[in-house]
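Asker: Model the full structure from these sequences, guided by the hints.
Chains as they are written, first to last, in our numbering: chain U, 1 to 702; chain E, 703 to 1151.
Honestly, I wouldn't trust all of these hints.
Claimed, not checked - Computed footprint of chain U on chain E, listed as stretches where at least three residues anywhere in the stretch have a Cβ under 8 Å from a Cβ of chain U:
{"hint": "1", "region": "746 to 756"}
{"hint": "2", "region": "783 to 797"}
{"hint": "3", "region": "814 to 821"}
{"hint": "4", "region": "1000 to 1008"}
Unchecked claim - Taking lysine to aspartate or glutamate and the EDC-like style, the derived pairs with C-alpha atoms no more than 16 Å apart in a straight line are:
{"hint": "5", "chain 1": "E", "residue 1": "K793", "chain 2": "U", "residue 2": "E326"}
{"hint": "6", "chain 1": "E", "residue 1": "K793", "chain 2": "U", "residue 2": "D36"}
{"hint": "7", "chain 1": "E", "residue 1": "K788", "chain 2": "U", "residue 2": "D317"}
{"hint": "8", "chain 1": "E", "residue 1": "K793", "chain 2": "U", "residue 2": "D317"}
{"hint": "9", "chain 1": "U", "residue 1": "K271", "chain 2": "U", "residue 2": "E194"}
{"hint": "10", "chain 1": "E", "residue 1": "K793", "chain 2": "U", "residue 2": "E381"}
Stated by the list, open to error - Between beta-carbon pairs, the in silico distance windows are:
{"hint": "11", "chain 1": "E", "residue 1": "A958", "chain 2": "U", "residue 2": "G337", "range": "54 to 60 Å"}
{"hint": "12", "chain 1": "E", "residue 1": "V899", "chain 2": "U", "residue 2": "H580", "range": "47 to 53 Å"}
{"hint": "13", "chain 1": "E", "residue 1": "V1059", "chain 2": "U", "residue 2": "A208", "range": "56 to 62 Å"}
{"hint": "14", "chain 1": "E", "residue 1": "V899", "chain 2": "U", "residue 2": "Q32", "range": "28 to 34 Å"}
Source of the hints: derived by calculation from the structure; they are not laboratory data. Owing to the predicted nature of the structure, the values given are computational and were not obtained by experimental measurement. Every residue, glycine too, gets a C-beta built ideally from N, C-alpha and C.
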Amino acid sequence: MAQQRSSRMSLAGTALLAGCLLSAAGSLLHAQYPTDPPPPGELRPLQFPDFRETRLDNGLQLIVVENSRLPVVSISLNLPAGSLYDPVGLEGLADIVAELITKGTESRTAEQIAAEIEGVGGTLQATSGSDFFAVTATVLADHVGLAFDLIGDVLLHATFPESELELARTRFLSALRVDKSDPATLATRFFASEVYGAHPYGHSQTEASLAAISRSDVVSFAGMRLAPQGGLLVVAGDLSPTDAQHLAERHLGSWQGSPPEVTVPEPPAPKATEIVLVHRPGSAQSNIRVGNLALRPRDDLYYAAVVANKILGGGADARLFLKLREEKGWTYGAYSGIARRRDVGFFQANTEVRTEVTDSALTEMLRQIRRMGSEPADASELAAAKGFLVGSFPLSIQTPQQVANQVATVKLLGLGDDYLETYRERLDAVDASEAMQAAQTIMRPDNAVVIAVGDGRALYDKLAAIAPVRIVDVDGSPLTPDDLAPTATALEFDHASIVARRDSFRIGFQGNEIGYQVSEVVVGADSLLYREQMSIPMMGAQQVGTVRLDPASLAPLAVDISGQIAGQAMNTRLTYDGNHVTGYTQAPQPSGTPDSSDIDATVADGAIDLNAIQLFLPALQLADGAAFTFNAFDSSDGEPRVVTLKVSGSEEVTVPAGSFTAFRVELSGTPQPAVYFVDTAQPHRLLKIELVGQPLAFELVN
Amino acid sequence: MSRLVAGVWLLMLLGVGTANAQMQIQYEDYTLPNGLRVLLSEDHSTPVVTVNVWYNVGSRNERVGRSGFAHLFEHMMFQGSANVDKGEHFKLIERAGGDMNGTTNEGRTNYFETLPSNRLNLGLWLEADRMRALAITPENFENQRSAVKEERRLGVDNQPYAPAFTEGSTLIYDSTECFAYAHSVIGSMDDLDRAEVADVQEFFDLYYRPNNATLTVVGDFDPTEAKHLIDQYFGDIPRGADPPPVECSYSIEAGAKTRTWEDEHANLPAVIVAYRIPPHSHPDTRPLSLLATILGEGESSRLNQAMVREEKSALQAAAIPNSRRGPGMLLALAIANQGVEAATLKQQLEEQVQRIVRDGVTDAEVEKARNDFRAGYIFQSQTTMQLADRLQHYLHYHDSLDDMYGDLDKYLAVTAEDIRRVAATYLTPANSYTIIIVPKAGASEEVIP
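Answerer: Below is the structure:
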């Protein structure tokens, strides 16, 4: 085991000194082996390569960082055409333009473009961020002509085929659907919107905005904004400034234009701290974001702010992590960061915790943030933070591609020509008092935007004790505290719809079949059973479950589920005695040992056991706009709940069993929300099930 | 500490090749009295330095009943040593602004960190501390054995195709004649279960000795200072006994074999045709590498075009070379589309191979394969870490470090005829081992009584 490391530093230091003083004639004497990590040597000088700046006649700025160590060249063309410039109502347009620009030009198809660049072992891609749109290529020096040719071709002659737009739209809509069901992404979207207000940095893609984007919008955006004036071309690697200039003029010289000025509204003034509670009924976890607007890119406070941020939440060594995870065990991780934008950026701390400890975690986060601005950090924290920030910088500029990125950032944000040369020294010079002052400026716990995505019902009162709370649903519509506690009503079922039947579903994962489920209603003389059998071989998952119900009242009597997933048992046994349910449930855990818990709960009259929900769906009075809020018991966590089934519309659904018009029935109020598609025609067969936030779908086969 | 990647498309190609004049790596080569071989290569272009240690031990050194030890050992090496607490290696490197990791394969175990150059001493000291006094305790051993078993479970046993791939690859050579190359790097669950802490100590004592290791330092350092530090930290670590040599008898045309594998996690059939190929240092390695590119790497490869795009028989089809210090394999494989049988895949894979044997490859294909190789080789020469690994590679996988100079040119001189010749020599039925993977019967057939 490791020895105690106490005051050995001086011995190690002496040993090292002794080692260094020995002449090059060789050491005949082994210097003492140090029993402590040896201290750092002096910081080595960083000679950032010179760069040459010119401008083409069309206004395009060209920077060349020549480095002939290896015959590689990295090219990055950056334009002020990021999502900041999406017209209102067409959010996502810049991203779509980036997606489509390499999918065909007047002289090349998408396949030809891909084949040409792959044929020389190079890469070509277009991306869009908040501020900037970039086309980048990396090639061996021999093929730099081809790289410029392709970059010029896509920028000047892209055709944006309609078919590719539809493919992109479908992909983006699917991704958005997944995003909106993911609490972490919801937290990010709401944070951006609250901290930036009407400023475009706060806008996000929506279904409506993606659906509204037409090819002419794409062509118009590209035509207006992808122009040389205000653009920056960075070339790093084995190419001389003269040759770079010639290639740029040859392939981009005929490019003309200047994008229109866009006035951007002022970001909102800071307000007193407010918590926006985004209600996800039944959520077992909360995602928390705490932050505020911070610095503009050229603010000198940046260095001290970066150091302060590293100390607070910059990794597994930082305060938030050590406190919220290591000490309290509330989360897998808690971090903070500073985002830089061309306009004003922001500071944000974040974590994900269990519902029960949300208020404690938020209180602690605010306390740690406050401490940063009121107490200087101790010497070891400061040393660890600066050690990482200063030390890691040279690792980030080893290749021409990395250098091109760094130079582009410096220029696009206007950070000054000596920024890279002086970066390490300026970070190293930050002392504890400066870090504290920077924290006061950029981390403002009394003017914070706080987002908590979670179960509003469990959280509202506790969070209201910390700061004023405003409640919204996942789409941003306002809710009142009463909306959090829906009143359950007794459900009315059409008993005639509960008949013997057997339905087989195929289980798909991102469109590939991975398993099956068979659900069966068995009607006996005086018994009613609902059975479900499921198998997903690639997850090693199998399950057979039976719910026994009272045929007259439809109340649950017993539940018996046996199964396993990846070798772990997944069993549930419940017995209902009137309103009293007892038994146990086992849930698999990442550790490999399933978590077994006893169940002993009281449910309201008429409560449904959610394991049998598929039995009840056809028997509800389904109609467009109908909503059912009722008592239910969820054996997955042993909790009685009030859940809601809402018929949010009808749509065409195609499954292996055929094409149908189906009601879209959304289940909320449980840790695993779901959407059920039920045939609008009698006998209201269940056609499809989507698990919100999981890429799994169950589709009726027969 | 690295993840042994046991996913289906396990790519084990070590991009070898030599360089144009611009890429001649200059280095100094010496050996300490205790047998530690040291390679120092200065590169002052950026103030970073990589410390990279290769222990000359991999799964090929394991004995029957003791598979998985080299990889298990790699895990143990991050659990602390005499003067470094558990988890502290990572923290010290992070606080210095560095990067680190370790990897194991059949031929070596490698440990490395890249640091800002004023922290060279830290990197060297950490490597020396664990070479001299790793903390081998029952607790560390149990923890890491569980971690490795879990890694095997998650990465192999519970993944479709991975068990067939991992275990199937071990069948290509005869385990009684060449156990070294006839078992998996991650090891069998049984062997891992049977291992004891005394075995681990014995393994350390035998293989983790300075005389069985090579230390490479590449980057911005002063050679005089580096040599002093190396002497100070490593100089008095005692030499160990010379480990036994690896024994392996094999033949290339050992006879065609087929094995069918029922996979309970797969829902589509797959076929892997494995061809035996010579050790990496053999000159045929170069044309075999370009052959693999043309046959099955990327959109325009023969397998992708024929089976995925035209016939639509395969969801994915590829060719993967696994070139090792000893005998290796070249795999041609495909996963079936819905409704396609394994027999069809097998027939089409063999047909594509036959086409090359019979008609050769086109000049355009040769050019593309050369370009692709050259680009990969050059892009992998950019960082100190890449260069350190390259030096180590030539030292261990080739007959001489000098092979480094001129190797790339030899790759770029491979002709269409060379490629056809190696296809005809190695990609023959007599030299093949075919693994047919079928979804386990009965998984989807159960009927409720």
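Asker: Is the hinted pair E:K793 and U:E326 satisfied, with a Cα-Cα distance of at most 16 Å?
Answerer: Holds, at roughly 15 Å.
Asker: Between the alpha carbons of U:K271 and U:E194, is the straight-line distance 16 Å or under?
Answerer: Cα-Cα ~11 Å, so holds.
Asker: Need the status of pair E:K793, U:D317: alpha-carbon distance at most 16 Å?
Answerer: holds, 8 Å
Asker: Against the range 54 to 60 Å, how does the distance between the Cβ atoms of E:A958 and U:G337 compare: consistent or not?
Answerer: holds, 58 Å
Asker: Using C-beta distances, would you say chain U covers the region 746 to 756 of chain E, given that this needs three or more residues below 8 Å?
Answerer: That given contact holds, which follows from 4 residues of the region 746 to 756 of chain E lying within Cβ reach (below 8 Å) of chain U.
Asker: For the pair supplied as a hint, E:K793 and U:E381, is the alpha-carbon distance within the 16 Å limit?
Answerer: holds, 13 Å
Asker: For the pair supplied as a hint, E:K788 and U:D317, is the alpha-carbon distance within the 16 Å limit?
Answerer: holds, 15 Å
Asker: Report holds or violated for chain U covering the region 783 to 797 of chain E, Cβ cut-off 8 Å, minimum 3 residues.
Answerer: holds (count 11)
Asker: So the hint says 56 to 62 Å: do the beta-carbon atoms of E:V1059 and U:A208 match that?
Answerer: Hint holds: Cβ distance 58 Å, inside 56 to 62 Å.
Asker: Take a look at whether the Cβ-Cβ distance between E:V899 and U:Q32 falls inside 28 to 34 Å.
Answerer: Check passed, 31 Å falls within 28 to 34 Å.
Asker: How does the region 814 to 821 of chain E fare against chain U when you require at least three residues with a CB closer than 8 Å, holds or violated?
Answerer: holds (count 6)
Asker: Are the Cα atoms of E:K793 and U:D36 separated by 16 Å or less?
Answerer: holds, 14 Å
Of the numbered hints listed earlier, not one is contradicted by the structure.
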